[in-house]
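Enquirer: Here the protein sequences line up with chains A and X, keeping their order. 3 is the number of the first residue of the first sequence in the working numbering; add one for each residue after it. 756 is the number of the first residue of the second sequence in the working numbering; add one for each residue after it.
By construction, these hints were calculated from the structure, which means they are not laboratory data. For glycine and all other residues, C-beta sits at the position ideal for the given N, C-alpha and C. Please note that a few of the clues may not be correct.
Unchecked claim - Ranges between beta-carbon positions, derived for each pair: (1) A:419 to X:905: 31 to 41 Å; (2) A:223 to X:874: 30 to 40 Å; (3) A:181 to X:828: 21 to 31 Å; (4) X:824 to A:44: 48 to 58 Å; (5) X:828 to A:121: 36 to 46 Å; (6) X:902 to A:13: 54 to 64 Å; (7) X:902 to A:207: 51 to 61 Å; (8) X:897 to A:37: 22 to 32 Å; (9) A:34 to X:824: 17 to 27 Å; (10) A:172 to X:890: 45 to 55 Å; (11) A:190 to X:897: 26 to 36 Å; (12) A:179 to X:828: 44 to 54 Å; (13) X:897 to A:122: 40 to 50 Å; (14) A:44 to X:874: 22 to 32 Å.
Chain by chain, the residues run as shown.
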Amino acid sequence: MEINAHAELLNELYAIDPSLRERETELVVLLEEILKHKPDVPKDPGFLLSLREQLLKTPSMPAKQFPAAISFSLFRQFALVGAGAALALVIALPLTNGRYSLTNTTLNESFSLKDTGAEAFGKLSFNSPASPEVSSIAPTGRGGGGGGTLMSDSALSSKLMAPYSLSSYVYKGKLSLEGLKNTVYRRNGSLNLSAGELANATIGPVNLSAFPQGRLQNFSLTGGENGYSIYVGDDGSVSVNANQGIWSSLYTNASPVTKEELPTDEEAIAAADAFIKAYGIDTNGYGAPVLDTRPRMYAMIAEERGETPYYPDTLTVTYPFILDGEATVDQGGTPQGISVNVHSRTKTVTGLYVQSAGTIERSSYELESDAEKILSVLKKGGLYSYSDPQATVTEVEVGDPEFVLMSYYQYDGTTNRNLYVPALKFTVLNPPKDGYAATTILVPLPKDILESQSSQPGVLYKTGVDPLIAE
Amino acid sequence: MNAQTVLFADIYDAHAEEIYNFLYYKTFDRSTAEDLTSTTFLKALEHFPKFKSTPGASARSWLYKIARNTVIDYYRTKKKDLHIDETWDIADTVSLHNSIETKLKLEHVLQKLQELPEKDQELLIMRLWQGLSFKEISLVLEKSEASVKMAFSRGLKILRQSLITVFILLPLLWK
Numbered sequence: 003m004e005i006n007a008h009a010e011l012l013n014e015l016y017a018i019d020p021s022l023r024e025r026e027t028e029l030v031v032l033l034e035e036i037l038k039h040k041p042d043v044p045k046d047p048g049f050l051l052s053l054r055e056q057l058l059k060t061p062s063m064p065a066k067q068f069p070a071a072i073s074f075s076l077f078r079q080f081a082l083v084g085a086g087a088a089l090a091l092v093i094a095l096p097l098t099n100g101r102y103s104l105t106n107t108t109l110n111e112s113f114s115l116k117d118t119g120a121e122a123f124g125k126l127s128f129n130s131p132a133s134p135e136v137s138s139i140a141p142t143g144r145g146g147g148g149g150g151t152l153m154s155d156s157a158l159s160s161k162l163m164a165p166y167s168l169s170s171y172v173y174k175g176k177l178s179l180e181g182l183k184n185t186v187y188r189r190n191g192s193l194n195l196s197a198g199e200l201a202n203a204t205i206g207p208v209n210l211s212a213f214p215q216g217r218l219q220n221f222s223l224t225g226g227e228n229g230y231s232i233y234v235g236d237d238g239s240v241s242v243n244a245n246q247g248i249w250s251s252l253y254t255n256a257s258p259v260t261k262e263e264l265p266t267d268e269e270a271i272a273a274a275d276a277f278i279k280a281y282g283i284d285t286n287g288y289g290a291p292v293l294d295t296r297p298r299m300y301a302m303i304a305e306e307r308g309e310t311p312y313y314p315d316t317l318t319v320t321y322p323f324i325l326d327g328e329a330t331v332d333q334g335g336t337p338q339g340i341s342v343n344v345h346s347r348t349k350t351v352t353g354l355y356v357q358s359a360g361t362i363e364r365s366s367y368e369l370e371s372d373a374e375k376i377l378s379v380l381k382k383g384g385l386y387s388y389s390d391p392q393a394t395v396t397e398v399e400v401g402d403p404e405f406v407l408m409s410y411y412q413y414d415g416t417t418n419r420n421l422y423v424p425a426l427k428f429t430v431l432n433p434p435k436d437g438y439a440a441t442t443i444l445v446p447l448p449k450d451i452l453e454s455q456s457s458q459p460g461v462l463y464k465t466g467v468d469p470l471i472a473e
Numbered sequence: 756m757n758a759q760t761v762l763f764a765d766i767y768d769a770h771a772e773e774i775y776n777f778l779y780y781k782t783f784d785r786s787t788a789e790d791l792t793s794t795t796f797l798k799a800l801e802h803f804p805k806f807k808s809t810p811g812a813s814a815r816s817w818l819y820k821i822a823r824n825t826v827i828d829y830y831r832t833k834k835k836d837l838h839i840d841e842t843w844d845i846a847d848t849v850s851l852h853n854s855i856e857t858k859l860k861l862e863h864v865l866q867k868l869q870e871l872p873e874k875d876q877e878l879l880i881m882r883l884w885q886g887l888s889f890k891e892i893s894l895v896l897e898k899s900e901a902s903v904k905m906a907f908s909r910g911l912k913i914l915r916q917s918l919i920t921v922f923i924l925l926p927l928l929w930k
C-alpha cells in the first residue's frame, strides 16, 4: 500500500470517528492486509477489446449535448492491442515484506519469426465454433460464459435506437489484387521471465525455493519521476499509468478541455517522444509516431452540426509495429504498436501500452482473388457490419486501398489467439456529417474468412434482410 | 461515428476494466463477470443519451450504479428466493472453488467480509479495492456521503474485530 493512500484512508477514518486514532497500529495492519488480499482478477485479454468493438459498431446515438461536468479520465489502455518487439525496461521490484529485493534487472525481449507450413493455424473464419467476435450467443447475465459475447441478435436489436442512417461504402477505382502477400501471422507472446534470485527468496514463513523453477507470470511496480504504475501481464503486455494522485489533481472539479488547450500534432508527438526517450524505450522495429486525429475530426463535425464538441482529455500517439515490412492495424484501421497517451491540457504523458510479441509464426493462406467479393464486404462496412432495413442508407466513397496486416482473433473454445491477416484498408474520402460512418474500412483477404462471411445468414447485429445484400 | 459515440468510447476505455474487476469481485467467476460487463455497457449505451450529470457526478459512478443493478438482477434471476444480502454466499459456493489457489489466498479476508451485511461488503470493495471516493460511492448507492462514511467506519470496525486474530496476533506469534 502506498504511503499517501495509507494516510488518506486513515485521515478519512479519523474524520469519521476520531476514537479510531487509538487503534492506529491495528488499523494500519488491517488496511494493509485488506489491500494485500485484493483478489487477482483473471482476464481474457481479448474480451474488453472485443466488447468495445462490438459496442461501437452499434448505430450512432442521437446527438445531444454531453454534460460538461462529467469527468472523463485515465487511459486508453484497452484501445490498442499492439504487437511488440525489442522491449527493454529497467525495472525495480521491491518486496514490501520480504528479505529480498530485485533491482536493475533488464528484461529485454525481441521477437522472432518462425516459418510454418501452409494453413498451419487451422480455420480462420469467425463462424468456426466459438469464435469470440461473432460467436453464437451466450445467455446474458446468467453466467453462461461465452468468452465475451453480447446478447442475442434479437435481444440486442431491441435495444438499438432508430431511426439512424447507415453507410454503403463504394470504391470507384479498379481493384487490383495482384502480388499481395498471402502470409498470416500468429503471435505467441507471453511473459517468459525467470524469477531469478526472487525464486530463492524467503518471504515471511515461505521459502520460495521450495517451488523450484519459478517463473514470473505477471507483476506490477511503481517507479519513475511521477510515480508511474507499471503492470506487466502474462501475455507480455506492459502498461504504464500515471498514478492516481496525478489523475486526482487533473480531474477533481476540472473543467472540460477546450479547443484552445488541445495540443498540436507536433506538441503531442514531441511529448510522446520525450517520454520514450526519457525512459529508454526501444522503438527499433516500430514506425514513425502517428497521432490519432479522429477526436479532432469528430469535434469538428460536431461543431459543423451545431452540437457541443467534445475535446478529449488525452490524445493517443502510436508508434506502429512493423511486421515483415508491413504496418499492423486493429480492425478499425488504427495503427498498433507502442501507444502513448498525452494529456491534452498538461501535454504530459499519462500512459503507455505495448504488447510484446515473443515468437511470431507465419503461414501461407489462400487469399480471395475475386475483387467483387471483396467489394461486397467493403460495401457493407467490413466484417462485422450492422444492417437494418429500417435504417436509411447513404453511399460513401472510399479512396484507393492500402495493404496492411490486420489484427484478428481466433478462438478455439478455450484459447484466444492473436493473428495478423492480410487486409485492404480503405479510407473514407468524405465522411457524412449526418449519420454513422467509419473513417476506414478493413477487408481481410484470406478466402476462408470472406467465404465464411458470405455464407453467414447474418452478421453479429444483423436483424433482418440486408437491403445491401438483397440488391 | 458521431461525437457521442466517441464520448462513449472514452468512457469505456477509462472504466471498462475496473467495472469488470468490480463484477468479478461480486461473482468470482470470469465468464459471469464477462457476461455482466457486456450487459452493463449495453445498458450504458442504451441510456447514454439520457445520461444527465449532476454537480459532482461522474461517468464512473453512473457505470458502477448500472453494474451494481446488473449484478443484483443477475442474482435475482439465478435464484428468485434468494435475499440480496446472501448473494456473495452464492458466489463463493458456486465459483470460488474453481481456483483453489484463489480460495486459499482470499480465505480469511473473504470469510470475514462475507459476514458483513452485503451493502457494507460492497462499500469496502468499492473504497478499498476499487478506489472510489466516498462521494462517488454515495452516488452509486444513492445515500448521503455522511451515511456512507459511517457505514464504512462501521464495517471496518467489525472487520477489525474479526480479523485481529488472523492478521495481528498470529504474525506476532510468528516473530
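Enquirer: Which numbered conditions among the earlier hints are violated in the structure presented, ordered from lowest to highest?
Expert: 1, 3, 4, 6, 7, 9, 11 and 13
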